[in-house]
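Q: Single-letter residue listing:
2 protein chains.
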Amino acid sequence: MISKTKIKYIQSLGQKKFRDKEKMFIVEGPKIIHELLLSEQVNIVEVIALKEWITENQQYLGSLPVTEVQPYELEKLSQLSVPNKVIALVEQFDRSVIQPAGNEVILALDCIQDPGNLGTIIRIADWFAISRIVCSHDCADVYNPKVVQSSMGSILRIPVFYCDLQSWLQQQGNTRIFAAVMEGQPVNNTDINDKAIIVLGNESKGISKEVLESVNVRITIPGKGKAESLNVAVAAGIILSHLT
Amino acid sequence: MISKTKIKYIQSLGQKKFRDKEKMFIVEGPKIIHELLLSEQVNIVEVIALKEWITENQQYLGSLPVTEVQPYELEKLSQLSVPNKVIALVEQFDRSVIQPAGNEVILALDCIQDPGNLGTIIRIADWFAISRIVCSHDCADVYNPKVVQSSMGSILRIPVFYCDLQSWLQQQGNTRIFAAVMEGQPVNNTDINDKAIIVLGNESKGISKEVLESVNVRITIPGKGKAESLNVAVAAGIILSHLT
Numbered sequence: 001m002i003s004k005t006k007i008k009y010i011q012s013l014g015q016k017k018f019r020d021k022e023k024m025f026i027v028e029g030p031k032i033i034h035e036l037l038l039s040e041q042v043n044i045v046e047v048i049a050l051k052e053w054i055t056e057n058q059q060y061l062g063s064l065p066v067t068e069v070q071p072y073e074l075e076k077l078s079q080l081s082v083p084n085k086v087i088a089l090v091e092q093f094d095r096s097v098i099q100p101a102g103n104e105v106i107l108a109l110d111c112i113q114d115p116g117n118l119g120t121i122i123r124i125a126d127w128f129a130i131s132r133i134v135c136s137h138d139c140a141d142v143y144n145p146k147v148v149q150s151s152m153g154s155i156l157r158i159p160v161f162y163c164d165l166q167s168w169l170q171q172q173g174n175t176r177i178f179a180a181v182m183e184g185q186p187v188n189n190t191d192i193n194d195k196a197i198i199v200l201g202n203e204s205k206g207i208s209k210e211v212l213e214s215v216n217v218r219i220t221i222p223g224k225g226k227a228e229s230l231n232v233a234v235a236a237g238i239i240l241s242h243l244t
Numbered sequence: 245m246i247s248k249t250k251i252k253y254i255q256s257l258g259q260k261k262f263r264d265k266e267k268m269f270i271v272e273g274p275k276i277i278h279e280l281l282l283s284e285q286v287n288i289v290e291v292i293a294l295k296e297w298i299t300e301n302q303q304y305l306g307s308l309p310v311t312e313v314q315p316y317e318l319e320k321l322s323q324l325s326v327p328n329k330v331i332a333l334v335e336q337f338d339r340s341v342i343q344p345a346g347n348e349v350i351l352a353l354d355c356i357q358d359p360g361n362l363g364t365i366i367r368i369a370d371w372f373a374i375s376r377i378v379c380s381h382d383c384a385d386v387y388n389p390k391v392v393q394s395s396m397g398s399i400l401r402i403p404v405f406y407c408d409l410q411s412w413l414q415q416q417g418n419t420r421i422f423a424a425v426m427e428g429q430p431v432n433n434t435d436i437n438d439k440a441i442i443v444l445g446n447e448s449k450g451i452s453k454e455v456l457e458s459v460n461v462r463i464t465i466p467g468k469g470k471a472e473s474l475n476v477a478v479a480a481g482i483i484l485s486h487l488t
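From first to last, the protein sequence lines are chains Z and R. Mapping the first sequence onto my numbering, position 42 (from 1) lands on 42, and the numbers just tick up by one. Start counting at 1 in the second sequence, then tack on 244, and there's your number in my numbering.
So here's chain Z without its partners, still in its complex pose (with noise of 0.2 Å):
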């Protein structure tokens, strides 16, 4: 059984202002919430839970306060359209100074402002170890819940990071910046070493000509066909793949 106000304090966590104001963010379903009970870094608050996923999982819950629900009721709670036995309400990561770029491949995005797509970027970033993400202030916020789900677990492992993004890149003295740009160098040719930035822009309107004035080098897919432009998260897929 679980109380009215907490119903509501859950179902307010679907919105960006009050998990700001709470700092907290909500995650879903067994797959995710099992990383999360095996992670040292994640502060996990409640669990809340169909009566089969708790009895599954009693060895992992130790003094973890965990309510039981019923079924309706975690369909009240969910954000997914098949709400998945289990949610936990998770404290958000402490991502408020932002390291300057050192040894490393570090992926900027700008303005990318679908929650499925920045996702899936953290989700392609976690694949090819990317260390972390630095993105503008316009993108998806990396706590909604389809930023979460579709990075299927990889946000617990990626930092990401939200800045002023044109004035941090001014700031990153000798690292190369590239940019995924329609009319640069093919990728293929292109050598981007381990140390470097990466920018994605904007899902229809590209880079803005702000960031792109700290940009060295400009990159693109070659594509033989006539589709204009590809998914965003997919071009950040295949830049990464051509890492050396």
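To be clear, the hints were calculated from the coordinates, so they are not data collected in a lab. Note that the structure is predicted; figures quoted are calculated from it, not measured. Where hints are given, some of them may not hold.
[To be verified] Computed cross-link-like contacts, BS3-like style, restricted to lysine-lysine with a CA-CA straight-line distance of at most 25 Å: (1) R:LYS260 to R:LYS250; (2) Z:LYS21 to Z:LYS8; (3) R:LYS470 to Z:LYS146; (4) Z:LYS4 to Z:LYS23; (5) R:LYS449 to Z:LYS146; (6) R:LYS439 to Z:LYS226; (7) Z:LYS31 to Z:LYS85; (8) Z:LYS205 to R:LYS250; (9) R:LYS260 to Z:LYS205; (10) R:LYS265 to R:LYS250; (11) Z:LYS205 to R:LYS275; (12) Z:LYS31 to R:LYS470.
[Claimed, not checked] Sample of chain Z residues facing chain R (criterion: CB under 8 Å; computed from the structure): (13) TYR60; (14) LEU64; (15) ALA129; (16) GLN149; (17) GLY225; (18) LEU230; (19) ALA233; (20) GLY237.
Just so you know, even glycine gets a beta-carbon here, dropped at the ideal spot from N, CA and C.
Add chain R to chain Z, keeping to what the hints say.
A: Positioned in the frame of chain Z, the structure of chain R alone reads:
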């Protein structure tokens, strides 16, 4: 003004069984419908649009039946969260006969169920000038509104066929069949030339055992990070970007 019967008819085309029966599908939004109007291979049966769209596009409409609607009526017809000025009722393409593989690269999809993934893969195929896509019967329907939308117009250019994939692959004689799997040879060290079939599998289960039997070369996308897998559309993009 649009009749209730027509509203019901258009709405019914949101479902595969009605689309199949009527051999029709719907396309939404000014950009893709502009492409439709310029294409000679597409048979538009009717256009339903707001007054402003009709005024702006009068010169392309010729003798095409056009129904003017109010925004509240368009909202009833649209499958999009934000209806977009115009809907077209379009005849399905005739894809009943599948030619055997020739000197071309073909994508073969085994049970790709997410419409967004299928649409994105069609868009990628169009970017890399893949000649056609062959789908197993349990893939998402190419005329699903979400597939049409996420293909960004590429369904007009890339023929998509449905068949018993296992049998079809067995009949492709001397064409090399590559498959994207979790453990194979690195795609960047694989020479995929211009006569090849590339198989991609289901989002969670991968490629079925039966389909794998026809595969000559298993390839994989090397990753150094901790993500368990890549999104299948992203994998398609990466593999095709490594074609010579």
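Q: Now tell me, hint by hint, if it's right for this structure.
A: Now for the hints, and whether the structure bears them out:
no., hint, in the structure
1, R:LYS260 to R:LYS250, "holds, 18 Å"
2, Z:LYS21 to Z:LYS8, "holds, 15 Å"
3, R:LYS470 to Z:LYS146, "holds, 20 Å"
4, Z:LYS4 to Z:LYS23, "holds, 21 Å"
5, R:LYS449 to Z:LYS146, "holds, 22 Å"
6, R:LYS439 to Z:LYS226, "holds, 20 Å"
7, Z:LYS31 to Z:LYS85, "holds, 10 Å"
8, Z:LYS205 to R:LYS250, "violated, 36 Å"
9, R:LYS260 to Z:LYS205, "violated, 34 Å"
10, R:LYS265 to R:LYS250, "holds, 16 Å"
11, Z:LYS205 to R:LYS275, "holds, 15 Å"
12, Z:LYS31 to R:LYS470, "holds, 15 Å"
13, TYR60, "violated, 19 Å"
14, LEU64, "violated, 24 Å"
15, ALA129, "holds, 4 Å"
16, GLN149, "violated, 12 Å"
17, GLY225, "holds, 4 Å"
18, LEU230, "holds, 5 Å"
19, ALA233, "holds, 6 Å"
20, GLY237, "holds, 4 Å"
In summary, the structure is inconsistent with hints 8, 9, 13, 14, 16 from the numbered list given earlier, while agreeing with the others.
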